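Peer 1: Turn these sequences into a full structure, and let the hints guide you.
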Amino acid sequence: MPPGRAHALPSGMTQRLRSLLFVPGNRPDLAAKAPRSGPDGVVLDLEDAVPSGDKADARNAVADVVGPLSAEVPVYVRVNPPGTPWHEGDMAGLPAGIAGVVVPKLESLSQLIEVSGSVSAAGIVAGLETVRGVMDAREFLGPPVTACYFGAEDYVYDLGGVRTDDNAEVASPRALVAVAARLGGVTALDMVTLDFGNTERFDREAHEARALGYRGKLCIHPAQVALANAAFLPTDQEVEKARKLLTAFAEAGGTTIAFEGQMVDEVVAARARAVLAAVDGN
Amino acid sequence: MPPGRAHALPSGMTQRLRSLLFVPGNRPDLAAKAPRSGPDGVVLDLEDAVPSGDKADARNAVADVVGPLSAEVPVYVRVNPPGTPWHEGDMAGLPAGIAGVVVPKLESLSQLIEVSGSVSAAGIVAGLETVRGVMDAREFLGPPVTACYFGAEDYVYDLGGVRTDDNAEVASPRALVAVAARLGGVTALDMVTLDFGNTERFDREAHEARALGYRGKLCIHPAQVALANAAFLPTDQEVEKARKLLTAFAEAGGTTIAFEGQMVDEVVAARARAVLAAVDGN
Amino acid sequence: MPPGRAHALPSGMTQRLRSLLFVPGNRPDLAAKAPRSGPDGVVLDLEDAVPSGDKADARNAVADVVGPLSAEVPVYVRVNPPGTPWHEGDMAGLPAGIAGVVVPKLESLSQLIEVSGSVSAAGIVAGLETVRGVMDAREFLGPPVTACYFGAEDYVYDLGGVRTDDNAEVASPRALVAVAARLGGVTALDMVTLDFGNTERFDREAHEARALGYRGKLCIHPAQVALANAAFLPTDQEVEKARKLLTAFAEAGGTTIAFEGQMVDEVVAARARAVLAAVDGN
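Protein sequence lines correspond, in order, to chains A, B and C.
Per the working numbering, residue 301 is the first one in the first sequence, and the count goes up by one each step.
Per the working numbering, residue 301 is the first one in the second sequence, and the count goes up by one each step.
Per the working numbering, residue 301 is the first one in the third sequence, and the count goes up by one each step.
I should point out that these hints are in silico values taken from the structure, not numbers from a laboratory.
Take the hints with a grain of salt, since some may be wrong.
Covered stretches of chain C, going by a simulated chain B footprint (3 or more residues, C-beta under 8 Å) [as the list claims (entries may be wrong)]:
#1 477 to 489
#2 511 to 524
#3 554 to 560
Residues from chain A that face chain B, not an exhaustive set, calculated with beta carbons under 10 Å [what the hints assert, rightly or not]:
#4 N360
#5 R432
#6 G460
#7 T464
#8 F496
#9 D503
Computed from a predicted model, the values in this text were never measured in an experiment.
Don't be surprised by glycine CBs; every beta carbon is placed ideally from N, CA and C.
Peer 2: The structure is reproduced here in structure tokens:
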């Protein structure tokens, strides 16, 4: 990419959300402990983690816990989706001081407009987890949405498919969500890994996700947080290679060179610069 | 998924079409034997299986065979595609009593409107097997289309590509067809497996297809029917796991639990319920 | 596919561009030697291969070299992308006698209209290498664009992802470019392979690309040209099988037959005919 071309990352992408740890809204005990694992954000969940009968209690528990918790870590609240009996109450009861509201199963611009009428300062994290929401994401990702996640479990349920270990059934929608996020200037977060003891799978998925343009991953267990925090930064090897490559490219005066068996031109150099920028606290 | 959210499967999806067995329209002898393998539907083919010179004879043979055959199994007729010299005659000569007409190489809403003017009661099974038809499927899947299939052989021919054993060249369009079918409320049927002696491949493809949201598979040999019928139902292992999981989830009062190393919340439970529903004759 | 259906390949597809060899515009010495490896086309690059300070000199060098070079091989010039300080000068200075102009990072119809106002006779080769350009390619591929390429390196940079050896992060966009090219009647060219010593990778990618509908591959080293020229023609084995299959199909009078364990009908025969046509100098 020639230097004359503006290619700044959209502002939404500067938000660091390598790990977003979900905690059931009805478990204030877990919420209090959530910062210990070092997540970039914590989500207090009023949706799937809370049974119908406990929705009101959970809302109160969330309101109580946000104050102290948000002094330690950015706190988000996931409300129940538009169209459910709890959605409006959840939105009306959003406590002050949260970093954003997570709206699951968002699937259209009109829904977003309705939802965003109820939100004041905080940004929206859009849950893309229905077939329609994923396919139409490009139409509604953008302010006030600052981030989005791909919800593979709900997506496959909505599709009528089967979740498998190799994730082949979500390859296309997973790629599409990252693309729509990029076009909307929004941070993309990868699906959960339900088998929380399987660190190999989490790690593999996180690296795939980073390659696809994702900036972080939803976590449903504190043990997943450190894995995500590491996986969504360049590796030491990548940083080392980027430094050497840029030195060699500069010494050649910016002309195409062969470096460690690879042809290097401006775009490869630009990617190396992005690696270094990501490490320097992007 | 919270219970407050309407998530009934579209009505088209309740049609059971795990196996749709194709028989050349000019082979009444094979048609008569078709029910023996137990397919959910039989297609009498006037298109690719019949040479140009035999089209009229095949039409007559089909008309003769539909009556007795449809007493045993739902019978479909595949006509020649819109734009060919045989299409209108095929449509005009559709025998009474068929479960539906299969229209190959459908690619636009205007084509569908034209075709559906000629069909009375029977539903349409849309063949998506051109690049345009696959890419634009979302625009025209819906009533009177009740089902569709992905035609990989024709698709790759139209694309100017090469069919390979690993199906990598059809990964994207195959996923897209299932998605368009879901959005249109239509049953999706997976591509044929031409090497009919390769049961491993058929089985692998059927399981991939089910994961992607397909409900059945085209069969071009009676030996493929039993494989399809088995593959598009949940396995005993899935049913067993779904039962146990739902019991544990209910005992916990619907709150998030860890079950066999996996985090289980409402959406995972909903998927387990769908597994049981599929077995109970959905 | 029945014979009554018109299925001629769009005219753009008859252009033979199995290998398109890139040479830095500021290296007339390399340009002079470029025809030796036998590429179907040579691109003199004013963009990524040329540092900002050398842009004007490179433009002059390109103008000098085109005359003699185009006597030996079709010559293309890659200009700097629309919106850069060099684009208009590059376009104004395009030498006579070139086979086409390569416009990188093309992403909209309005850009194309602007660019094509400056081009007279020569066709345009569109570089699809931004997220927007790839996703919207279908909207602007078509005359005066005669060919396009998928630029994986720039695409992944724009996406904010990571380039990997297994290319999983480009699977979806790579398939999409070939599809958009087909719908626009344009020749599709596959991404570069940067590690130019890795012939196994180049070969694997070329065969994947051909399966996806690509007609050729960008080359960044003369040693890659022979690999591309071979990979984008049917193999001897394919030709042999196509001949045998067509003989058997003809002997059966065009009716469905089993051939070497595969069911063969009209569409399979049509694909075999396309294999033979590709060898006969298409």
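Peer 1: When the structure is checked against the list of hints, which entries are broken? Sort them ascending.
Peer 2: 4 and 9
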